[in-house]
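*Asks:* Chain residues, written in single-letter form:
Number of protein chains: 2
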Amino acid sequence: MKASRKRGFFIGTIKTMTNVEISSLALQPVDLIIDARWVATVDANQSLLAFYSVVIHQHVIVDVLPTTDAHARYSAGSVVALGEHVLIPGLINLHTHTPMTLMRGIADDLPLMVWLNAHIWPAERAIVDEAYVRDASTLACAEMLSGGTTCFSDMYFYPQATAAAVVNTGMRASLGLPVLEFPTNYAKDADDYLQKGFDAHDSWRGNALISSMIAPHAPYTVSNQTFEKVRVYAEQLNLNIHTHLHETREEITQSETQYGVRPMQRLLDLGLLGPNLIAAHGVHLLEHEIDLLAEHSCSIVHCPGSNLKLASGIAPVAALLKARVNVGLGTDGAASNNRLDMFAEMRLAALLAKGVCEDPLAITAHHALQMATINAAKALGLEEKIGSIEVGKQADLTAVKLSDFNIAPCYDPISHLIYACGRENVTHTWVAGELRYSHGIFANIEPIELKEIIQTWQPKLKQYKH
Amino acid sequence: MKASRKRGFFIGTIKTMTNVEISSLALQPVDLIIDARWVATVDANQSLLAFYSVVIHQHVIVDVLPTTDAHARYSAGSVVALGEHVLIPGLINLHTHTPMTLMRGIADDLPLMVWLNAHIWPAERAIVDEAYVRDASTLACAEMLSGGTTCFSDMYFYPQATAAAVVNTGMRASLGLPVLEFPTNYAKDADDYLQKGFDAHDSWRGNALISSMIAPHAPYTVSNQTFEKVRVYAEQLNLNIHTHLHETREEITQSETQYGVRPMQRLLDLGLLGPNLIAAHGVHLLEHEIDLLAEHSCSIVHCPGSNLKLASGIAPVAALLKARVNVGLGTDGAASNNRLDMFAEMRLAALLAKGVCEDPLAITAHHALQMATINAAKALGLEEKIGSIEVGKQADLTAVKLSDFNIAPCYDPISHLIYACGRENVTHTWVAGELRYSHGIFANIEPIELKEIIQTWQPKLKQYKH
Chain A
1 MKASRKRGFF
11 IGTIKTMTNV
21 EISSLALQPV
31 DLIIDARWVA
41 TVDANQSLLA
51 FYSVVIHQHV
61 IVDVLPTTDA
71 HARYSAGSVV
81 ALGEHVLIPG
91 LINLHTHTPM
101 TLMRGIADDL
111 PLMVWLNAHI
121 WPAERAIVDE
131 AYVRDASTLA
141 CAEMLSGGTT
151 CFSDMYFYPQ
161 ATAAAVVNTG
171 MRASLGLPVL
181 EFPTNYAKDA
191 DDYLQKGFDA
201 HDSWRGNALI
211 SSMIAPHAPY
221 TVSNQTFEKV
231 RVYAEQLNLN
241 IHTHLHETRE
251 EITQSETQYG
261 VRPMQRLLDL
271 GLLGPNLIAA
281 HGVHLLEHEI
291 DLLAEHSCSI
301 VHCPGSNLKL
311 ASGIAPVAAL
321 LKARVNVGLG
331 TDGAASNNRL
341 DMFAEMRLAA
351 LLAKGVCEDP
361 LAITAHHALQ
371 MATINAAKAL
381 GLEEKIGSIE
391 VGKQADLTAV
401 KLSDFNIAPC
411 YDPISHLIYA
421 CGRENVTHTW
431 VAGELRYSHG
441 IFANIEPIEL
451 KEIIQTWQPK
461 LKQYKH
Chain B
1001 MKASRKRGFF
1011 IGTIKTMTNV
1021 EISSLALQPV
1031 DLIIDARWVA
1041 TVDANQSLLA
1051 FYSVVIHQHV
1061 IVDVLPTTDA
1071 HARYSAGSVV
1081 ALGEHVLIPG
1091 LINLHTHTPM
1101 TLMRGIADDL
1111 PLMVWLNAHI
1121 WPAERAIVDE
1131 AYVRDASTLA
1141 CAEMLSGGTT
1151 CFSDMYFYPQ
1161 ATAAAVVNTG
1171 MRASLGLPVL
1181 EFPTNYAKDA
1191 DDYLQKGFDA
1201 HDSWRGNALI
1211 SSMIAPHAPY
1221 TVSNQTFEKV
1231 RVYAEQLNLN
1241 IHTHLHETRE
1251 EITQSETQYG
1261 VRPMQRLLDL
1271 GLLGPNLIAA
1281 HGVHLLEHEI
1291 DLLAEHSCSI
1301 VHCPGSNLKL
1311 ASGIAPVAAL
1321 LKARVNVGLG
1331 TDGAASNNRL
1341 DMFAEMRLAA
1351 LLAKGVCEDP
1361 LAITAHHALQ
1371 MATINAAKAL
1381 GLEEKIGSIE
1391 VGKQADLTAV
1401 KLSDFNIAPC
1411 YDPISHLIYA
1421 CGRENVTHTW
1431 VAGELRYSHG
1441 IFANIEPIEL
1451 KEIIQTWQPK
1461 LKQYKH
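Protein chains in written order, with this note's numbering: chain A, 1 to 466; chain B, 1001 to 1466.
Chain A on its own, in the form it takes in the complex:
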């Protein structure tokens, strides 16, 4: 604290440089300098830098250097001084269904099939349309931005409506183009889903913040024929494939009955296993299946909160990491979590692995942070762009204040982040260098808008409540 005060910082406030300062010939002009007590880069060396600055120009991180040097070398349009904070890469929620926010808590403490058949699916059939998805995704984006999440990987109907929410709120997203066999309000059959998905994909081409994945829902809802089309299209369009895989014991038994093999073997036979496959859950995995995931460089999304809540089981994450499978973290939808809170998932992932393996090093604080940032970026094929604080990457950044009395004292910022902090300690969230959230205020979302969304949809959904 003392050192930062000496250098004349104003903790937690934005200082605009004077014209004289900006015009100084010796200094290189940049858009933004963030001076941080600590910077957790999540680079290959797991660097934790003290009294460092991140320099941002035209959306990109152009330098990471000691704060004293930063102000001798650059003059910035704005400076944010974070005297009691750690600056981390923006968190990436690798598996969610954003439009389910409005179904948060609609049916808790129920077996999965009752949850789906008696509550979620009837509600979706009756309520879900483009307007619903845009509104519910806006609420989800607000929740995620305020909790330090800058990017998410989604799977739901009407992805173009989620895209509209993403654009409005200024987040980054990889949006699944959903594919199912059965008809919904959104599409009538697999080909219709694919066609609607590609129309959406075409519509956001050129948008720097949105990318697409093909999202066949799960092996139990998608036929072999459709999976083959998905594989071909994904190759042709160079897209990732995002699917649910081995979430429950039931889906495995059902596959054995229907196809004579476990779902992962079926995907292998269909040529779906590969570096572009993002498989959500992976709760029930045999040893040779973990090896298969590693051999084919697939990514797994660990969703500990949802897997526990729906009583699906506990994924063997330590074994996956040991086999060098790339593992990211996801919240799943708000109807089965019930928070889109990556801090909760990081903490739970680290604690759960330790307890299950009876090994305190099974997932360390550093591992958990990597899973929520660089590992997720790798899964999305965006590791050159996001997931760590390194020169040349997009400035997707989250500031977390480490000094509040109810988490004090702080001895190690990384372990503090995972074991003591919560999303309530997030103070700033930037996406591509733009400040999207700070201290309860959004750049592009009005609180009244969120209230209206809830007031519009909650009465309609209420009848499907448990």
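Since the hints were derived computationally from the structure, they do not count as laboratory data.
Note that the structure is a prediction, hence the values are computed from the model and not measured.
Beta carbons are placed, not taken as given, at the ideal position from N, Cα and C, and that holds for glycine.
Watch out, some of these pointers could steer you wrong.
Think about it this way: if two alpha-carbon atoms lie no more than 30 Å apart in a straight line, the pair counts; the simulated DSSO-like pairs of lysine-lysine are [stated by the list, open to error]:
id, chain 1, residue 1, chain 2, residue 2
1, B, LYS1451, B, LYS1385
2, A, LYS465, B, LYS1322
3, B, LYS1465, B, LYS1451
4, A, LYS385, A, LYS322
5, B, LYS1462, B, LYS1451
6, B, LYS1465, A, LYS322
In silico negatives: residues of chain B with every beta carbon more than 10 Å from chain A [what the hints assert, rightly or not]:
id, residue
7, LEU1027
8, ASP1069
9, ASN1117
10, GLN1160
11, LEU1209
12, TYR1220
13, SER1438
Given the coordinates of chain A, assemble chain B onto it according to the supplied hints.
*Replies:* Showing chain B alone in chain A's frame:
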């Protein structure tokens, strides 16, 4: 929301009645009326009351009735209107070591024995004295009050210093009188511990908010002879016994080697199992040990966060509940959690049991809330006094706002409380009818005091950090 506005409530503010109102002859004067959108009583019927008021006079709940009736029957010195909140019994942290707050995060991601031998014990030997304990307990009380916890059950050296913090901050506590064989700064041998404990116990006799337990640390640190003394004293003084039990596999193996029996069998042989035994952890339990706990009406404190973090394992809570063992919840100390956060423990307890048992009903939201309130009160022998919102009980109450955008919408206040809310949603905490915390402000703690505590002790402790 509309209904509450119609009745002219001011949401979240305190309205002082005019003298005219108070002097109205038809109305019975009371100290405080809390008007709540919901009251979760945690009584035997699990009642959830909508638009109800809790009426408080001289520290005690004197009525629970519809808000419209409350204001027709009583006139209050003050009225608190909670238009978007659920009022719950104050949470009870049934196992903690409050003075470890200042060691929060000092040594994370380490095996238990390295954690203890290389970090915690050396730090305790060098640093812990009466002033340390008073300061660290003050920080812990602030953290707990702000997170909705009104009462805790503690075990640490210098309990009289923790008592001073409890008195200053206005909490309720059951303080363990610690007993060990080995010498510390606090006492030189078992008899010295006992003597010092009873001196402390005598000093807070008559204090309505503090009760005592004898706290033999654990079967691996206390001899048979001392356990026998503990049993006799506990009978004579009518005190509970609080100990660690079956937390790790190692302590069980060690007991088998040293005593030829598992620790619980040893306690049974020594006559320690009984309704006054509060056993923390109970991670590793055989079937017949669960039956023993039930037969002898012992209480178990489930500490899921700490058990996972220290890689001790996962307690068989669903089996304990099925056997009708009384189970409360504890955070354990901040050095192994690292939050004294009962919301985190309630959520984790519910999620973990579902996932481990692959049964979504293993621990429901209601169970989790009971464990953190009435079950803990039963364990402490205080079920006539606290643990539920019922007429005649002390007004230990917590208000939780359910409407913030990042947890909205709310369909079921109880499941919302457990699965969506965090301690950051707590707005008011009352102990015995006195408002101790509200919206970031404590009745009896200055923020500067907490800062000074951290600035005093953190530099001294830093050298023991991992």
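*Asks:* Measuring Cβ to Cβ, find out whether GLN1160 of chain B lies farther than 10 Å from everything in chain A.
*Replies:* Holds: least Cβ distance 24 Å, greater than 10 Å.
*Asks:* Was ASN1117 of chain B rightly flagged as not at the interface, with every chain A Cβ beyond 10 Å?
*Replies:* At about 14 Å from chain A, ASN1117 of chain B clears the 10 Å cut-off, so the statement holds.
*Asks:* Is it true that the CA of LYS465 of chain A sits at most 30 Å from the CA of LYS1322 of chain B?
*Replies:* 28 Å, holds
*Asks:* Is LEU1209 of chain B truly not at the interface, in the sense that its beta carbon sits beyond 10 Å from all beta carbons of chain A?
*Replies:* 22 Å, holds
*Asks:* Does LYS322 of chain A sit within 30 Å of LYS1465 of chain B, going by the straight-line distance between their CA atoms?
*Replies:* Satisfied, since the Cα-Cα distance of roughly 28 Å is no more than 30 Å.
*Asks:* Are LYS385 of chain A and LYS322 of chain A close enough, with their CA atoms no more than 30 Å apart?
*Replies:* Since the Cα atoms of LYS385 of chain A and LYS322 of chain A sit roughly 26 Å apart, the hinted pair holds (cutoff 30 Å).
*Asks:* Run the C-beta distances from SER1438 of chain B to all of chain A and say if the shortest one exceeds 10 Å.
*Replies:* Consistent with the label, SER1438 of chain B stays out of reach of chain A, its closest Cβ about 15 Å off (over 10 Å).
*Asks:* Need the status of pair LYS1451 of chain B, LYS1385 of chain B: alpha-carbon distance at most 30 Å?
*Replies:* 34 Å, violated
*Asks:* Would the pair LYS1465 of chain B and LYS1451 of chain B pass a check requiring their Cα atoms to be no farther apart than 30 Å?
*Replies:* Status holds; Cα separation ~20 Å.
*Asks:* Taking only the CA atoms, is the gap from LYS1462 of chain B to LYS1451 of chain B under or equal to 30 Å?
*Replies:* Given that 30 Å is the threshold and the Cα spacing comes to 16 Å, the pair holds.
*Asks:* For ASP1069 of chain B, is the shortest CB-to-CB distance to chain A above 10 Å, so the non-interface label stands?
*Replies:* Given that every Cβ of chain A is farther than 10 Å from that of ASP1069 of chain B, nearest at about 27 Å, it holds.
*Asks:* Over 10 Å to the closest beta carbon of chain A is the bar; see if LEU1027 of chain B clears it.
*Replies:* Non-interface label on LEU1027 of chain B holds, nearest chain A Cβ at 36 Å vs cutoff 10 Å.
This entry does not satisfy hint 1, going by the numbered hints stated previously; all others are met.
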